[in-house]
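With the sequences and hints as input, model every part of the structure.
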Amino acid sequence: MPTSLLDAVDLAAVRAAAGRRTGAAATLLAGLLEGQALAFDPDDPGWLGADDLVVGGAALGEELRRALDEAGGHPDAVAVTEPGRALALAAGGAAVGARRVGAGRTLCLLDAAALADGRTWEGALAGAGLPGLVVLWTLPAAEARAAERLLDAAGWPCERVAADAPVELLAGLDHVLAHATAGALLLAA
Amino acid sequence: MSPSTRWAAVDALERLPEELPEALVVVGAEPGLAVELAELAPQACVRAPGATSRLAVAAGVTRRGRPAIALADRGDADLASLEDPVVVLTEDVALAKAWHRLRRGVLHPVWPEDVAALLHTALSRARPQLLLVGDVDVAPRPAQVPTPAIGQTRVHAEGGQGAVVASGPLVPALRNAVAVLARRGLALSLLEPVGTVPRRLDPAAARRGVLVGPALPGEGDLAAADLRYLELRGASLRDLPDRLGEAFDQR
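First to last, the protein sequences are chains A and B. If you're matching positions, the first sequence starts at 1 in the working numbering and goes up one per residue. If you're matching positions, the second sequence starts at 1001 in the working numbering and goes up one per residue.
Errors might be hidden in some of the hints.
[What the hints assert, rightly or not] Not the full set, but computed from the structure, chain A residues with beta-carbon under 10 Å of chain B:
{"id": "1", "residue": "Gly84"}
{"id": "2", "residue": "Arg85"}
{"id": "3", "residue": "Ala88"}
{"id": "4", "residue": "Ala90"}
{"id": "5", "residue": "Ala91"}
{"id": "6", "residue": "Ala103"}
{"id": "7", "residue": "Gly123"}
[Unchecked claim] Label-pair restraints from in silico Cβ distances:
{"id": "8", "chain 1": "B", "residue 1": "Gly1151", "chain 2": "A", "residue 2": "Leu11", "range": "57 to 67 Å"}
{"id": "9", "chain 1": "B", "residue 1": "Ala1117", "chain 2": "A", "residue 2": "Gly102", "range": "30 to 40 Å"}
{"id": "10", "chain 1": "B", "residue 1": "Asn1176", "chain 2": "A", "residue 2": "Glu62", "range": "52 to 62 Å"}
{"id": "11", "chain 1": "B", "residue 1": "Ile1150", "chain 2": "A", "residue 2": "Ser4", "range": "45 to 55 Å"}
{"id": "12", "chain 1": "A", "residue 1": "Ala153", "chain 2": "B", "residue 2": "Glu1083", "range": "29 to 39 Å"}
{"id": "13", "chain 1": "B", "residue 1": "Gly1151", "chain 2": "A", "residue 2": "Ala16", "range": "54 to 64 Å"}
{"id": "14", "chain 1": "A", "residue 1": "Leu11", "chain 2": "B", "residue 2": "Glu1022", "range": "41 to 51 Å"}
{"id": "15", "chain 1": "B", "residue 1": "Asp1076", "chain 2": "A", "residue 2": "Glu62", "range": "22 to 32 Å"}
{"id": "16", "chain 1": "B", "residue 1": "Ile1150", "chain 2": "A", "residue 2": "Ala16", "range": "53 to 63 Å"}
{"id": "17", "chain 1": "B", "residue 1": "Arg1015", "chain 2": "A", "residue 2": "Arg145", "range": "45 to 55 Å"}
{"id": "18", "chain 1": "A", "residue 1": "Ala178", "chain 2": "B", "residue 2": "Gln1152", "range": "52 to 62 Å"}
Keep in mind that the hints were calculated from the coordinates and are not lab data. In this text, a Cβ means the ideal position worked out from N, Cα and C, and glycines have one as well.
Next up, the structure:
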């Protein structure tokens, strides 16, 4: 039986880590790293089961790289690209992962800039239905609904949570990471 | 089956799962190569309906260590963002011209026999490549002409009085035209840059360069092709385009 993140995680540590970080993705990064939602092997950068990370936007990418470095991960494994290109890049990676037994998931971190770029819609179409593809999208509450509609129309199961609520976020991560096909967690800031 | 480079490409892609099982082909939903391939080799296909982001999907495939071919049949492919070693396969001359304007070499096979070898070589390169194929029928490849190497200039004829630069289906026709002119006493070189940006064309091979062509990026775009270093000299050669055109008609 799969273990829930909420069963295994030290919630106080996640809250403390979220409080130490700044930026819209602070709680998300705490959930991924201190919440141990992210799969990586500090001793083996090439581990097949490691999560593949694609980030849209330099600032968010730098934040994730720094956080991963602090957690003993491999910051060079994070692909940082333009916000509109990220989901398509992740879809290509997930298509490979889907064909490789034991391959890790592909996590795509987006921010508000991705919503304004039409390529994100194309990326959503390419990624729909692919197993192991997870979008974690932080954006203002007013835009989260629009992103949800976009992904829903492309056939993605979506869940929306508050970006600064660790318990809600971990529960959402739990659900979206358990999906058999591509899924998205929208973090309304 | 017509002996065009387009059909040679379909044939090469169909054989890809056996010859290079790691390779994946990123396809759209437009009629054409993509639909044909999706029917012939569905296990090798990754669907990316949007033309603009299709190359990014292919880049994602190469990021995870698998060779990728992106079929860019039509539409606004995002060429400028592509730095990954993806092979873009297209029938769209406009797309090939846009690629050329980025100072990237276009692979424009002359004969169907060249297509599979060029495709496989392109997949092994560290930089993105664009392979332009078409539905133009050409005569079979002469036995003495080997499959070209990417980045080199294939010399079809050597003559000291000028050079003609061409690619694609123009080459077989120009071979004949250059042969006609040679019999009339005008010795020209015929050069085919194979995936080489023209400014890297070997100046020694084009030593008394008179430029007619290339097929890409097209007439009037010579400045974009940056072929200016080729010397245009010799008053007797000023009428070469007319003479070549006349010989062209007599092939």
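Status of each hint after checking the structure:
| no. | hint | in the structure |
| --- | --- | --- |
| 1 | Gly84 | 8 Å, holds |
| 2 | Arg85 | 5 Å, holds |
| 3 | Ala88 | 4 Å, holds |
| 4 | Ala90 | 6 Å, holds |
| 5 | Ala91 | 5 Å, holds |
| 6 | Ala103 | 8 Å, holds |
| 7 | Gly123 | 5 Å, holds |
| 8 | Gly1151/B x Leu11/A: 57 to 67 Å | 58 Å, holds |
| 9 | Ala1117/B x Gly102/A: 30 to 40 Å | 34 Å, holds |
| 10 | Asn1176/B x Glu62/A: 52 to 62 Å | 59 Å, holds |
| 11 | Ile1150/B x Ser4/A: 45 to 55 Å | 53 Å, holds |
| 12 | Ala153/A x Glu1083/B: 29 to 39 Å | 31 Å, holds |
| 13 | Gly1151/B x Ala16/A: 54 to 64 Å | 56 Å, holds |
| 14 | Leu11/A x Glu1022/B: 41 to 51 Å | 43 Å, holds |
| 15 | Asp1076/B x Glu62/A: 22 to 32 Å | 30 Å, holds |
| 16 | Ile1150/B x Ala16/A: 53 to 63 Å | 56 Å, holds |
| 17 | Arg1015/B x Arg145/A: 45 to 55 Å | 48 Å, holds |
| 18 | Ala178/A x Gln1152/B: 52 to 62 Å | 53 Å, holds |
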